[in-house]
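Peer 1: What follows is each chain in one-letter form.
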Amino acid sequence: MKTREQIAQALAACGYIADADLATAISLMQLLKRPLLLEGEAGVGKTEVAKALAAAHATELIRLQCYEGLDQSAALYEWNYQRQLLSIQAHRGEDADAIEDQIFSEKYLLERPLLAAIRRDRPPVLLIDEIDRADDEFEAFLLELLSDFQVSIPELGTIKAITIPHVVLTSNGTRELSDALRRRCLYHYVDYPDVDREARIIMARIDGAGASLALQIARLVEGIRKEELRKVPGVAETLDWAAALVGLEVRDLHDAPELVHETLMCLLKTREDRSRVTREVTERLLGKVA
Amino acid sequence: MSCCGANPSYDELDEVSRLVSAKLAAFLRTLRDNGFAIGLHEGRDAAALMAAGYAEKPGLLRSAFKHLFSARKSDWEKFDGLFDAFWLGRRVKSRSVTMGSAKAADSPSLKSLRDNKSQPAGGEAATDQIPGGDAPEDRAGEGRMEGASVASNLAEIDFRKMADPEQIEQAHAVAARLAKSMRTRLTRRDLARRRGYRLDLRRTIHGNISHGGVPISLVKRRRKEKPLRLVMLLDASGSMSMYTGVFLRFIHGVLDEFREAEAFLFHTRLAHVSDAMKEKDPARALDRLSIMAQGAGGGTMIGESLQTFNRWHAARVIHSRTCVMIVSDGYETGDAALLGREMAALARRCRRIVWLNPMMAWEGYAPEAAGIKAALPHVDLYAPAHTLKSLTELEPYLADL
Chain F
1 MKTREQIAQA LAACGYIADA DLATAISLMQ LLKRPLLLEG EAGVGKTEVA KALAAAHATE
61 LIRLQCYEGL DQSAALYEWN YQRQLLSIQA HRGEDADAIE DQIFSEKYLL ERPLLAAIRR
121 DRPPVLLIDE IDRADDEFEA FLLELLSDFQ VSIPELGTIK AITIPHVVLT SNGTRELSDA
181 LRRRCLYHYV DYPDVDREAR IIMARIDGAG ASLALQIARL VEGIRKEELR KVPGVAETLD
241 WAAALVGLEV RDLHDAPELV HETLMCLLKT REDRSRVTRE VTERLLGKVA
Chain G
1 MSCCGANPSY DELDEVSRLV SAKLAAFLRT LRDNGFAIGL HEGRDAAALM AAGYAEKPGL
61 LRSAFKHLFS ARKSDWEKFD GLFDAFWLGR RVKSRSVTMG SAKAADSPSL KSLRDNKSQP
121 AGGEAATDQI PGGDAPEDRA GEGRMEGASV ASNLAEIDFR KMADPEQIEQ AHAVAARLAK
181 SMRTRLTRRD LARRRGYRLD LRRTIHGNIS HGGVPISLVK RRRKEKPLRL VMLLDASGSM
241 SMYTGVFLRF IHGVLDEFRE AEAFLFHTRL AHVSDAMKEK DPARALDRLS IMAQGAGGGT
301 MIGESLQTFN RWHAARVIHS RTCVMIVSDG YETGDAALLG REMAALARRC RRIVWLNPMM
361 AWEGYAPEAA GIKAALPHVD LYAPAHTLKS LTELEPYLAD L
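From first to last, the protein sequence lines stand for chains F and G. Under UniProt numbering, read the first sequence as residues 1 to 290, first letter to last. Under UniProt numbering, read the second sequence as residues 1 to 401, first letter to last.
It is worth saying that the hints were derived from the structure and are not from the lab. Hints are supplied without guarantee of correctness; some may be wrong.
[To be verified] Subject to a maximum C-alpha distance of 25 angstroms in a straight line, what follows is the list of computed BS3-like cross-link-like pairs (lysine-lysine): (1) G:Lys389 / F:Lys33; (2) G:Lys73 / F:Lys33; (3) F:Lys288 / F:Lys226; (4) F:Lys231 / G:Lys23; (5) F:Lys51 / G:Lys73; (6) G:Lys57 / G:Lys23; (7) F:Lys288 / F:Lys231; (8) F:Lys226 / G:Lys73.
Put together the whole structure using the sequences plus the hints.
Peer 2: In structure tokens, the structure reads:
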């Protein structure tokens, strides 16, 4: 992949419609060998970027989902305790040092996503999802890994990366990330797609969605996002809704206002939001959709 | 583009004409002046990009630089304007807000704060009056009179009558003590909870190899501690002006002792003041504050300020063990319905909302203003806070979070 256009095309072939900015970001990622930090509201398709990137490179996607309390053993490596215990039992009576050497060997090592990502022959895409959920300590640990791409395991020694993975980090802004991490990454803010891009996303992902229907759906979703909602629908919700409408054989939103209102549950995920978008609101929104 | 590889050598950088490097350096300076955190590494990457052919296509260069130099959403949003202004000579649509403006010093309520501080007995302190409040001239005198009769019990003097620097100093001391005791109690609670931790299998097995793998000495996993966090939103509008001074000192005391505390000021808009308040010297902290707040005295937009808070700050400053403390009289000049909605959103997020209202202890006061009425259903504790004693009485409640 070289130019922005080629990158955008390759991603589109994998079902991800990227804007020019994102294509630039990905070309820079490869040029400068830096991780890419994607920030944006939930549901704008940050994770999808990594999936599409892996598909476009025809390489493996290794995903590390972050959560509070995530530690090195869950992210990097762990020992296979059961096998270690069995082995200790089997070698009972032998020299303790020899047993120790044996049970802390490669054979008993369980790879977790980060270790896996640097030990592949072909550079995979490493997705570190929702890094803002992890603790500060983990973020600091990650910093070291992402700059040196090597890991030291006390019992085994230093393990160097065989290949440098393409790293994508995503954040929803639950916690402020450290400047150190931000500075090591390229930054891209993922916004809700504009009507045109969302329509193209629908067409790329939902079979049977024609151009005019996709555009209508995208326009209506744009209108709904402007309403005062607790949970603004993301791209995934739009796709659900589009799939539902196509499944119900709706060709034009104006033909089936009742169905449109009833299927809005695909977009509105809280009771409050559901009650806020009344029939009148749906009609008003539909009125704006040409 | 891709020909130049990951780590461009300095030979390649030499190809960038001197003129361009000088301009690039100036651009980096402009970005740094606008709050971008840019290190040497980014500068080198930028030069490499320009040498790699990006310089010939302004649109591409802008996009590339945007990704390289931005670190957060605020950077992302103002970058295009700065880039266009610098490289293409276009005027920036909205200038980025920088701290410090001459206007701030004129804002009535903050001016009164500073006056209270520097010349405590000065008459013209508060220009905006609380509805039904005392005339400014009476204030100092009345304070002194009460001071004579109730001197033994400083704790019960209403803040608005507290004018003596010594008294204010004591208020600060009480605030600091309050904060400290909250912390100690909290630590004790965490210690008591420490039983029943999970086993750390890795360390247990490692430590018991010499026993043939029989787990004789157990190693337990340590639990992540998540200390209580206090987020304070202080109304700095005209109607609160007599109380803001003391509360600012209180907040200053709390921030002093509490690692996990954030403070915001609001009037017609919201200002994040934690950093300014962390200044060790209280007088300097107040000085920095007066620079930060702008447009005070134009009424109180509690709803809008909360909306700003919920939208831009809440995700970062609120976690599961957070108490939000709002100090305000609840005189909302904006939309009361909005205030209700934003309070509901806030209540969903944090553990508890404490609303301190200095007016509550006033005789004949009832929460009838539309603002406070809309907010009350979402408040866990609604308490008066007009004297040191009332602040102290809050302590057990806050410590039990």
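Peer 1: Going straight from one Cα to the other, do Lys226 of chain F and Lys73 of chain G come out at no more than 25 angstroms?
Peer 2: Holds, at about 20 angstroms.
Peer 1: Hint check: Lys73 of chain G vs Lys33 of chain F, CA-CA at most 25 angstroms. Holds or violated?
Peer 2: With Cα atoms ~22 angstroms apart, Lys73 of chain G and Lys33 of chain F stay inside 25 angstroms; holds.
Peer 1: Next pair to validate is Lys57 of chain G with Lys23 of chain G; report whether the Cα-Cα distance is within 25 angstroms.
Peer 2: The hint holds at about 16 angstroms.
Peer 1: So if I understand the rule, the pair passes when the alpha-carbon distance is 25 angstroms or less; does Lys288 of chain F with Lys226 of chain F pass?
Peer 2: holds, 13 angstroms
Peer 1: For the pair supplied as a hint, Lys288 of chain F and Lys231 of chain F, is the alpha-carbon distance within the 25 angstroms limit?
Peer 2: holds, 22 angstroms
Peer 1: For the pair supplied as a hint, Lys51 of chain F and Lys73 of chain G, is the alpha-carbon distance within the 25 angstroms limit?
Peer 2: holds, 23 angstroms
Peer 1: Would the hint linking Lys389 of chain G and Lys33 of chain F be met if the CA-CA limit is 25 angstroms?
Peer 2: Distance ~60 angstroms between Lys389 of chain G and Lys33 of chain F Cα, so the pair is violated.
Peer 1: Between Lys231 of chain F and Lys23 of chain G, is the straight-line Cα distance small enough, at 25 angstroms or below?
Peer 2: With Cα atoms ~45 angstroms apart, Lys231 of chain F and Lys23 of chain G exceed 25 angstroms; violated.
When each numbered hint is compared with the structure, violations occur for hints 1, 4.
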